[in-house]
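Residue numbers (this note's numbering), protein chains in the order written: chain U, 1 to 160; chain G, 1001 to 1496; chain L, 2001 to 2101.
No wet-lab data here; the hints were simulated from the structure.
It is possible that part of the hints are untrue.
[Stated by the list, open to error] Quick partial rundown of chain L residues pointing at chain G, CB under 8 Å, derived from the structure:
(1) L2023
(2) M2034
(3) M2039
(4) V2043
(5) T2046
(6) G2059
(7) S2062
(8) V2066
(9) V2069
(10) A2071
(11) A2072
(12) V2076
(13) I2084
These numbers were taken from a predicted model, which means no experiment stands behind them.
C-beta: ideal position from N, C-alpha, C; glycine also.
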Amino acid sequence: MLGQYLPVVVLLILAFLFAALSFVASRLLAPRRPHDRKAAPYECGIIPGRETPERFPVRFFLVAMIFIVFDIEIVFLYPWAVAHGGLGLFGLVAVLLFSLAVFESFVYLIGNGALEWGPVRRVRHAVSPARTSTSTIRRAGVREVGLEGRTIGDESGRAA
Amino acid sequence: MLAVATPEVLWWALLPVLFLSVGGLLLLTVASLVRRLPDWLPQAWTVVTGLAVLVACVPMWCEVRDEGPRTTLAGSVAVDGSTVLVTAVLAAVVVAVALLARPYLRREDLPGVEVYVLLMLSAAGGVVMASADDLIVLFLGLEILSIAVYVLAALHLRRIESQEGAMKYFVLGAFASAFLLYGMALVYGATGSTRLALVAEHLSATVLVDDSMLLAGIALLLVGLAFKVAAVPFHAWTPDVYQGSPTPVVAWMAAGVKAAGFAAMVRVLVTSLGTHASDWAPPVGVLAVASVLVGAVVAVLQTDVRRMLAYSSVAHAGFLLLGVQAADADGTAAVYAYLVVYALLATGSFAVLTVMGGDGDAAHHLDDYRGLARRRPVLAGAFTLLLLGQAGVPFTGGFVAKLGVLAAAVADRGYWVAGLAMLGAAAAAFVYLRILVSMYLEDPDAEAADGSTGPAVPLGARVVIGVACAGVLFVGLVPGPLLDLARDAVPVLVGS
Amino acid sequence: MVVTTTWYLVLAAVLFSMGSVGLLTRRNPLVMFMCVELMLNAVNLTFVSLGADLGDLGGQLSVFFVLVVAAAEVVVGLAVIVAIMRRRPGATADDLSVLGG
Chain U
1 MLGQYLPVVV LLILAFLFAA LSFVASRLLA PRRPHDRKAA PYECGIIPGR
51 ETPERFPVRF FLVAMIFIVF DIEIVFLYPW AVAHGGLGLF GLVAVLLFSL
101 AVFESFVYLI GNGALEWGPV RRVRHAVSPA RTSTSTIRRA GVREVGLEGR
151 TIGDESGRAA
Chain G
1001 MLAVATPEVL WWALLPVLFL SVGGLLLLTV ASLVRRLPDW LPQAWTVVTG
1051 LAVLVACVPM WCEVRDEGPR TTLAGSVAVD GSTVLVTAVL AAVVVAVALL
1101 ARPYLRREDL PGVEVYVLLM LSAAGGVVMA SADDLIVLFL GLEILSIAVY
1151 VLAALHLRRI ESQEGAMKYF VLGAFASAFL LYGMALVYGA TGSTRLALVA
1201 EHLSATVLVD DSMLLAGIAL LLVGLAFKVA AVPFHAWTPD VYQGSPTPVV
1251 AWMAAGVKAA GFAAMVRVLV TSLGTHASDW APPVGVLAVA SVLVGAVVAV
1301 LQTDVRRMLA YSSVAHAGFL LLGVQAADAD GTAAVYAYLV VYALLATGSF
1351 AVLTVMGGDG DAAHHLDDYR GLARRRPVLA GAFTLLLLGQ AGVPFTGGFV
1401 AKLGVLAAAV ADRGYWVAGL AMLGAAAAAF VYLRILVSMY LEDPDAEAAD
1451 GSTGPAVPLG ARVVIGVACA GVLFVGLVPG PLLDLARDAV PVLVGS
Chain L
2001 MVVTTTWYLV LAAVLFSMGS VGLLTRRNPL VMFMCVELML NAVNLTFVSL
2051 GADLGDLGGQ LSVFFVLVVA AAEVVVGLAV IVAIMRRRPG ATADDLSVLG
2101 G
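Given only the sequences and the hints, what does the whole structure look like? Please build it.
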């Protein structure tokens, strides 16, 4: 019973051995003279700046996400439309229940103002109450002005 | 015009799913339409729904016991003891989590309704998963359960750890789902059906000339399910998600998601693919031993209590797999008994953690538990009982549960597996001992010592912890009823 | 040359492997989602070709459900990303390291 797993185990051991030997061999054979420039992501002599600022259109994303849900509803409505004669009352009730469940999510979206395009409403719970406008500005200011946007050693550009 | 035969529906058998899903959707609708909802309403509604499901389980259980198991909806949903037992466990955990959630949400100043809605929908998915008699229905149930839990994990809006944990959970969960689905596709290809009864029928009636597709399918199914129940080596997400998510949600993940996952695993592997047990039982045994050992050893190295309990939940998954790999009715009954006890232990333990978390849900370091016995003797005593239960000390439910799976493994001549698992259990006991030493023998911090008694315990948490402790003690002292219940719950396949 | 079911199955297996390797090696969350989609659609291809081979409608039916699940999964995943991006613009999977794992 267990014997049939023997080839797999042997292969596993061989694979591990090969990987380990390769690492050891390269460590032993290759010369190692690391320094800062060589360890940088792009070994071209230019210090990488921060990442290009991108606009992240959350609102469009939201609408796209909402669209996907209703798009999928159609996937189920088409086959029903083709076969509704044979399915009779059972099919009609089933599809109605299904549509109702999907429509329910629409009610939730409207209720939470996800489809309002006016001025952005503040989400009450997303931001810590301890965070004020002054603390935010000071943090951003140090990074932008003090280092002219080049935060060496902090490539991801996030606030410390 | 082509007339289509519509399936026969046993409405009483679908009541739990209907209660949970309609309850969730109704609450969501009311909450979106009414601006100012009373604070207590969502919680009360969830508790009532959970209790209604529990009540509905009683006649279902009697019906199944008297009339025998059956299937409904064209053989895609099973109505048997397993379905009813797991449904009852899930409903009880929903009630417990709802009780824990309200004081937690108020303390953390989080918006309220979504937690309850997602909890109920996720539980509906769990019920579908536990009762699935068809691979596709099982997949749907799993996804309803998982997707709701991904969102629940991300729900603490101000903790970046919460969103990070949710992201990791999501990526690995989607990965696991894809593996599971691929396994289902290959099993479908090898046997010609996704219905479990037909798969089993086909496998016992015919000898496959080339069973490589079936074996690949079983292997992929195994990987997918092992991810979901967090067995080593597919456990990497567990500690991060347990540490990052809101603590009441972790209680649901530990107790609810695991129960549904193991119910599905037993149904697919033991019941449907039982004829090929000699192929899948050895790998499951390896997973079981690895989970128990790794879970126990790594848990010792942790300093965050939530990470400790996460790894110990990995070890518990290993013990459950021990019952699965026995691949017979005794092993399955042992798994169900273990699931019930573990639901009690996990819910109770994470209820204590919810209380101890303090503002910001951050005080989960081992040092935060120092001298708890002096500050809050009752809470420390309850936590002690729950930890002893998790360790499997005699006269607690944990002992009964562990004994059951080990006996099943030994009866199946899995001496090696059982022996290694016992070794792991001994190592795991050390983890719980560490928390106990911290609570009883070490002095509290200077700031905690001057008069403050630690966090207040809300009424809901008191009820949950009390019921969990009582249950663990009861099962430990009088194990008979639970074992009978578990034996009646072994799933049965009903042909068309 | 006749294209048999086996060809489709092999193609699906290759797509699935590409998806899973991509999911494990890529660092951009959006690319990771695309890899999940690739994996699920490879499974869809498997289902359809096996269903055609067996002469069974079940294979095609399964695709509907998988499609829905994939859409729901991606929507939830994008929502989590949006929540993370609001706090940390330009985050990659490597930046998510507050937790130990």
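Hint check results:
no. : hint  : verdict
1   : L2023 : 6 Å, holds
2   : M2034 : 12 Å, violated
3   : M2039 : 4 Å, holds
4   : V2043 : 5 Å, holds
5   : T2046 : 4 Å, holds
6   : G2059 : 7 Å, holds
7   : S2062 : 5 Å, holds
8   : V2066 : 7 Å, holds
9   : V2069 : 5 Å, holds
10  : A2071 : 11 Å, violated
11  : A2072 : 6 Å, holds
12  : V2076 : 5 Å, holds
13  : I2084 : 5 Å, holds
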